[in-house]
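Peer 1: Just so you know, the sequences run in chain order X and S.
Under our numbering, the final residue of the first sequence carries the number 494; numbering is consecutive throughout.
Under our numbering, the final residue of the second sequence carries the number 1117; numbering is consecutive throughout.
A hint or two may mislead.
What the hints assert, rightly or not - Result set (DSSO-like, lysine-lysine): computed pairs, CA atoms no more than 30 Å apart in a straight line: (1) Lys1039/S - Lys277/X; (2) Lys402/X - Lys464/X; (3) Lys277/X - Lys1102/S; (4) Lys1087/S - Lys1039/S.
To be verified - A few chain X residues that face chain S, going by a derived Cβ cut-off under 8 Å, partial list only: (5) Arg79; (6) Tyr152; (7) Ile185.
Just so you know, these hints were derived from the structure itself, not from any lab.
Yeah, the Cβ is synthetic: ideal placement off N, Cα and C, and Gly gets one too.
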Amino acid sequence: MGGRRRKKKQKKGGVRKASTPAPVVVAPATPEPPVDTRSAWRRFWDDREVHPAQLRLFRFVFYALVAADSFLELEHAPRYGAGGFNVSHFPALDGLLPLPDRRIMVLLWLGQGFLALRMALGAGSKRTAWLLTAAFGATYFWSQLDSYQHHYLLFLLLGMAACVDWNAERPPTWPVRLILCQVSIVYLWTAITKMQPLWLDGTLIARQVPSGPVPDMVARIAGTVGMETTSLWAVMAVGVLIAELSLVVGLHVERLRLVALALGLALHGGIEYAGFKIGLFSYFMFAIYLLVVPPRFFRNAGPPRTDTRDAPWWWLAAALALGSAAVGTLFPIEGVWLTVALASAWALAEEFPPPVTTGRRRRAWVHAVSCVVLLALSASTDVLRDYWKYRGGDTRRRGEVKQAVAAYEAVVAIDPGYASGHARLSDLYRRSGELQLALAEARTAERLDPREDAHPARAARIQKLLGDTAAARQSAQRAIELGNKDDDIAKLAR
Amino acid sequence: MVAFLVLQLLLPLTYYTVREDRFDERFSWRMFSDVRMVKCQAGFNRGGTGVTMSQEFHMAWNTLVQRGRGDVIDAVGQELCEGARGKPVKVRLECRMADGSKQLLEDGTRDLCSGGE
Chain X
1 MGGRRRKKKQ KKGGVRKAST PAPVVVAPAT PEPPVDTRSA WRRFWDDREV
51 HPAQLRLFRF VFYALVAADS FLELEHAPRY GAGGFNVSHF PALDGLLPLP
101 DRRIMVLLWL GQGFLALRMA LGAGSKRTAW LLTAAFGATY FWSQLDSYQH
151 HYLLFLLLGM AACVDWNAER PPTWPVRLIL CQVSIVYLWT AITKMQPLWL
201 DGTLIARQVP SGPVPDMVAR IAGTVGMETT SLWAVMAVGV LIAELSLVVG
251 LHVERLRLVA LALGLALHGG IEYAGFKIGL FSYFMFAIYL LVVPPRFFRN
301 AGPPRTDTRD APWWWLAAAL ALGSAAVGTL FPIEGVWLTV ALASAWALAE
351 EFPPPVTTGR RRRAWVHAVS CVVLLALSAS TDVLRDYWKY RGGDTRRRGE
401 VKQAVAAYEA VVAIDPGYAS GHARLSDLYR RSGELQLALA EARTAERLDP
451 REDAHPARAA RIQKLLGDTA AARQSAQRAI ELGNKDDDIA KLAR
Chain S
1001 MVAFLVLQLL LPLTYYTVRE DRFDERFSWR MFSDVRMVKC QAGFNRGGTG
1051 VTMSQEFHMA WNTLVQRGRG DVIDAVGQEL CEGARGKPVK VRLECRMADG
1101 SKQLLEDGTR DLCSGGE
């Protein structure tokens, strides 16, 4: 329409020119806007507006979350291959696939942590992004032990993110559109799932939301507005369904970006607030919504701070050697040395050919920072302790006492203040006939958790086996004072 | 890209059409579905003796069995058959559905090792 109007104006000008005597002053012609001959389909893929700074922020948050998620998975590694049993996501291939092994899972997850941090911190190449996707796919598809739908989604998103040209000045935006299309597909099917009476009448949502702040809030609001609690749950259930269906389309309409952003954040914020055990899923969704923020919010962002300064090779060598030594030494988990060796080898492989967008100085720092981040995660969570706890628990149930003892010794070495670990180790020492060690661990557990009656009771039983009846009586009396009701302890206390 | 999107769009449809196991919701984006509320009790029996699952399989597999996941139940049955030395392996599988009803999916009479009746 605008084009047609402009053409009319030009025609008028032409008439005026013809009637005006010389000197002829030709007004500069309004430049003709380039005619967009692309199809609507092409425009749909190419015209998603994303600010480069927005894309960089998404890269940082998304890959940092992948690193955290991979790290948190480490504690589940002992499940893999335990008892020589596995079912992959493609059971027809089980005869061909090797059995997974906890050490290989550590290698894959910890390796993913390194690769994801490399991507987050801007030193990863496309090769790194694809290797990360492949490693993530291997950990997911190898075993149905991981059946989290969000991990399957994450695998798809990693593949799509690997198509983004992160270092381009104006990267093509079709991968962003693809990510949003995938999210729309998820919303569509999850909405279809909810189109059934048990969801619509609020029964399912009421039963699935864990006890805590949300059920309390629903009961309070229902009381305030004079509604049945079940009716309010039904309203919420229908609201969730409408929100999901709206987002299927809303994510793609430029004018609705702010609305979709608010709706999506409210939906996933609510899910997270409700306390569902869905790992980092909500946070991944928050990361995706960074791509929905209207780009005008990033207009004041500066250009990327590229550090292309070179550095001597020894910088990189020192970062690799020191970082690897620190992680290898301070990360008490099987397979860690092989992982750091391979991560270093990959960092070296990335030097051939050296990327032009970052200098070696930056790449050395990125490796060092990745090691520090992984060590910080290790120090601030119970993941590594729980790795050994779960390994110990499984081997204990399976009757492999020697392996269980070794696992629980690792538990108490990592977390000396963990009373349950000492108690379990005491039981295992007792089963293997190491009564003095068993007693020492029982005493430690009692010291760490003096209000638990099971600890003095445990000590009493061991003391009885050692023939120290006086000490056994004292321990049994202490257990009874703390509320122990076991018959054998009552007998020992007499 | 179109093929990929069409595949992604249609893959979840297989849950409603060709896939036999209603309790296996992988790749179908059925978040917060009624199937998540299903709780099954599975009792494996080898040569007339009950199998203590936790002594033979990791607890995580037991959790999947309790969700009624067909692939896993079949694989557990096959694993038990391999160590059964010709003895029959049977399973009784009863599930409580989201609406509170109970379904007996295996009545414990079929020998999993014979592959049929």
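Peer 1: To test your reading of the hints: which numbers does this structure violate?
Peer 2: Going through the list in order, the structure violates no hint and respects every one.
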